[in-house]
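Undergrad: I would like the entire structure built from these sequences, with the hints used as guidance.
Numbering (my numbering), first residue to last: 1 to 342.
Certain hints may be false.
Below, a list of computed lysine-lysine pairs in the PhoX-like style, where the Cα atoms sit at most 25 Å apart [to be verified]:
(1) 188 x 133
(2) 174 x 103
(3) 106 x 238
(4) 213 x 103
(5) 103 x 238
(6) 103 x 133
(7) 204 x 106
(8) 93 x 157
(9) 204 x 238
(10) 174 x 238
(11) 93 x 206
(12) 206 x 245
(13) 104 x 238
(14) 93 x 80
(15) 103 x 204
(16) 157 x 188
(17) 93 x 103
(18) 204 x 188
(19) 133 x 80
(20) 106 x 213
(21) 213 x 93
(22) 188 x 106
(23) 204 x 93
(24) 157 x 106
(25) 188 x 206
(26) 204 x 174
(27) 341 x 188
(28) 188 x 213
(29) 157 x 206
(30) 80 x 103
(31) 174 x 213
(32) 104 x 133
(33) 106 x 93
Quick list of simulated restraints, FRET-style, between CB atoms [what the hints assert, rightly or not]:
(34) 121 x 292: 42 to 48 Å
(35) 121 x 335: 45 to 51 Å
(36) 340 x 133: 23 to 29 Å
(37) 300 x 335: 23 to 29 Å
(38) 207 x 301: 22 to 28 Å
(39) 145 x 59: 24 to 30 Å
(40) 302 x 59: 37 to 43 Å
No wet-lab data here; the hints were simulated from the structure. The C-beta atom is built at its ideal place from N, Cα and C for all residues, glycine as well.
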Amino acid sequence: MSVKNKIPDDNFCTPTQPAKRSRISALNRSLKEDSPAIHIPASPFMERLGYGTGVSVYLFQRSPRQGDLLKSPWAVKKVKACPKFKGDIDTAKRLEKEAELLKKFKHEHIIGYRAFSRSADGTLCLSMENGEKSLMDLIEDRGEGDGDPFPAEDILKTALATAKALSYIHNEHKVLHGDLKSANILIKGDFESIKLCDFGVSVKLKEDLSDVKHANFLCLCWKDDNEFYIGTEPWSAKEVINGGKITDKTDIFAFGLIIWEMLALTIPHTHLLEDCVDSDGDGTLDESQYLESLGTRPPLPDFDYDDSYIPVLEILAMCTNEDPIERPSAREIVQILDTEKE
Numbered sequence: 001m002s003v004k005n006k007i008p009d010d011n012f013c014t015p016t017q018p019a020k021r022s023r024i025s026a027l028n029r030s031l032k033e034d035s036p037a038i039h040i041p042a043s044p045f046m047e048r049l050g051y052g053t054g055v056s057v058y059l060f061q062r063s064p065r066q067g068d069l070l071k072s073p074w075a076v077k078k079v080k081a082c083p084k085f086k087g088d089i090d091t092a093k094r095l096e097k098e099a100e101l102l103k104k105f106k107h108e109h110i111i112g113y114r115a116f117s118r119s120a121d122g123t124l125c126l127s128m129e130n131g132e133k134s135l136m137d138l139i140e141d142r143g144e145g146d147g148d149p150f151p152a153e154d155i156l157k158t159a160l161a162t163a164k165a166l167s168y169i170h171n172e173h174k175v176l177h178g179d180l181k182s183a184n185i186l187i188k189g190d191f192e193s194i195k196l197c198d199f200g201v202s203v204k205l206k207e208d209l210s211d212v213k214h215a216n217f218l219c220l221c222w223k224d225d226n227e228f229y230i231g232t233e234p235w236s237a238k239e240v241i242n243g244g245k246i247t248d249k250t251d252i253f254a255f256g257l258i259i260w261e262m263l264a265l266t267i268p269h270t271h272l273l274e275d276c277v278d279s280d281g282d283g284t285l286d287e288s289q290y291l292e293s294l295g296t297r298p299p300l301p302d303f304d305y306d307d308s309y310i311p312v313l314e315i316l317a318m319c320t321n322e323d324p325i326e327r328p329s330a331r332e333i334v335q336i337l338d339t340e341k342e
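TA: Set out below in structure tokens:
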């Protein structure tokens, strides 16, 4: 069954949090020095690829100059015009933060930065390389087929690429992705290209990765070094649910659940929402089982896994340990998976 048929898409957009009033006058000059002069059409003239909290993503087909070869398309993330959603979220600030990070990141498994500008209709735009399709879309497509998990080879390839990207941002930039899930991994072709994307709610880590730097769970002010972890509920680790310390291992739990998704072909824990009943007869559903399951490893479907899945299941078990200390780091995962390839 399709993931979309099971759970409405809006349920699993990045959650909203209250934010201070935006100070975005600096956006007029921010990042422009290294951004090429481009003309991005108004939204109705581009194909929409997807959407998130306060933003939509479009395919921008770039016109070649006279005599030039055809240019590759870009994915353009645009702030929605006149956004109106709970908490007065400062999506412009998030987009600026993401642009700042992508401009710094240079890694084969992280989506490439192209430009930060305004479109013809005046909305802020972050232009990136086109990653084609999200892993979540591929999972949904496969779930509508025979229901078998992805081949172990594809899962291990995805895990290694994602772990390399995480190791890079954790160790080289001291940044936590902060919203890791299958929707934020982009796949080209038959897993020829695997790239991590969507850094709008990323947070800075301390030098030793042991906590969020200058943590403040009340506001989002990237430039003021006040940050909070947002994430998305079904992928959240136990320390997030319980208000504990956020470390690099918080990303690792969500990473483990991405592996689980490629085996189970659904969103973690959401089968428990399907079983909710109106126990009091007042029109409200009892979500207690779902809420209690958050931060744990969901059971796997009954499937006869052959020996090729042994390393997949081992990595899954390690990464989804409820105790963050017992989870491997991204660097350790890379070492483990590189050894498996030999």
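Undergrad: Now look at each hint and say whether the structure bears it out.
TA: Here is what the structure says about each hint:
1. 188 x 133: Holds. Residue 188 to residue 133 sits at ~7 Å (cutoff 25 Å).
2. 174 x 103: Since the Cα atoms of residue 174 and residue 103 sit roughly 15 Å apart, the hinted pair holds (cutoff 25 Å).
3. 106 x 238: Violated, at roughly 31 Å.
4. 213 x 103: Holds, at about 21 Å.
5. 103 x 238: Given pair residue 103, residue 238 is violated - Cα atoms ~32 Å apart, limit 25 Å.
6. 103 x 133: 22 Å, holds
7. 204 x 106: Between residue 204 and residue 106 the Cα gap is close to 17 Å, so the pair holds against 25 Å.
8. 93 x 157: 34 Å, violated
9. 204 x 238: 20 Å, holds
10. 174 x 238: Status holds; Cα separation ~22 Å.
11. 93 x 206: The given pair, whose Cα atoms are some 22 Å apart, holds under the 25 Å limit.
12. 206 x 245: Holds: residue 206 and residue 245 sit about 12 Å apart, inside 25 Å.
13. 104 x 238: Violated, at about 31 Å.
14. 93 x 80: Holds: residue 93 and residue 80 sit about 13 Å apart, inside 25 Å.
15. 103 x 204: Answer holds: residue 103 to residue 204 is near 16 Å, not above 25 Å.
16. 157 x 188: 13 Å, holds
17. 93 x 103: 15 Å, holds
18. 204 x 188: 29 Å, violated
19. 133 x 80: Holds. Residue 133 to residue 80 sits at ~21 Å (cutoff 25 Å).
20. 106 x 213: 23 Å, holds
21. 213 x 93: Distance of about 18 Å is within 25 Å: holds.
22. 188 x 106: The hint holds at about 19 Å.
23. 204 x 93: It holds: about 15 Å lies between the C-alpha atoms, which stays within 25 Å.
24. 157 x 106: Holds. Residue 157 to residue 106 sits at ~20 Å (cutoff 25 Å).
25. 188 x 206: 34 Å, violated
26. 204 x 174: Answer holds: residue 204 to residue 174 is near 6 Å, not above 25 Å.
27. 341 x 188: 21 Å, holds
28. 188 x 213: 34 Å, violated
29. 157 x 206: With Cα atoms ~29 Å apart, residue 157 and residue 206 exceed 25 Å; violated.
30. 80 x 103: 22 Å, holds
31. 174 x 213: Distance of about 9 Å is within 25 Å: holds.
32. 104 x 133: 24 Å, holds
33. 106 x 93: Roughly 22 Å between the alpha carbons, so the hint for residue 106 and residue 93 holds.
34. 121 x 292: 42 to 48 Å: The hint (42 to 48 Å, Cβ to Cβ) holds, given that residue 121 and residue 292 are roughly 46 Å apart.
35. 121 x 335: 45 to 51 Å: The hint (45 to 51 Å, Cβ to Cβ) holds, given that residue 121 and residue 335 are roughly 48 Å apart.
36. 340 x 133: 23 to 29 Å: For residue 133 against residue 340, whose Cβ atoms are near 26 Å apart, the range 23 to 29 Å holds.
37. 300 x 335: 23 to 29 Å: Holds, at about 25 Å.
38. 207 x 301: 22 to 28 Å: Violated - the Cβ-Cβ distance for residue 207 and residue 301, about 41 Å, lies outside 22 to 28 Å.
39. 145 x 59: 24 to 30 Å: Since the Cβ atoms of residue 145 and residue 59 sit about 26 Å apart, the hinted range of 24 to 30 Å holds.
40. 302 x 59: 37 to 43 Å: 39 Å, holds
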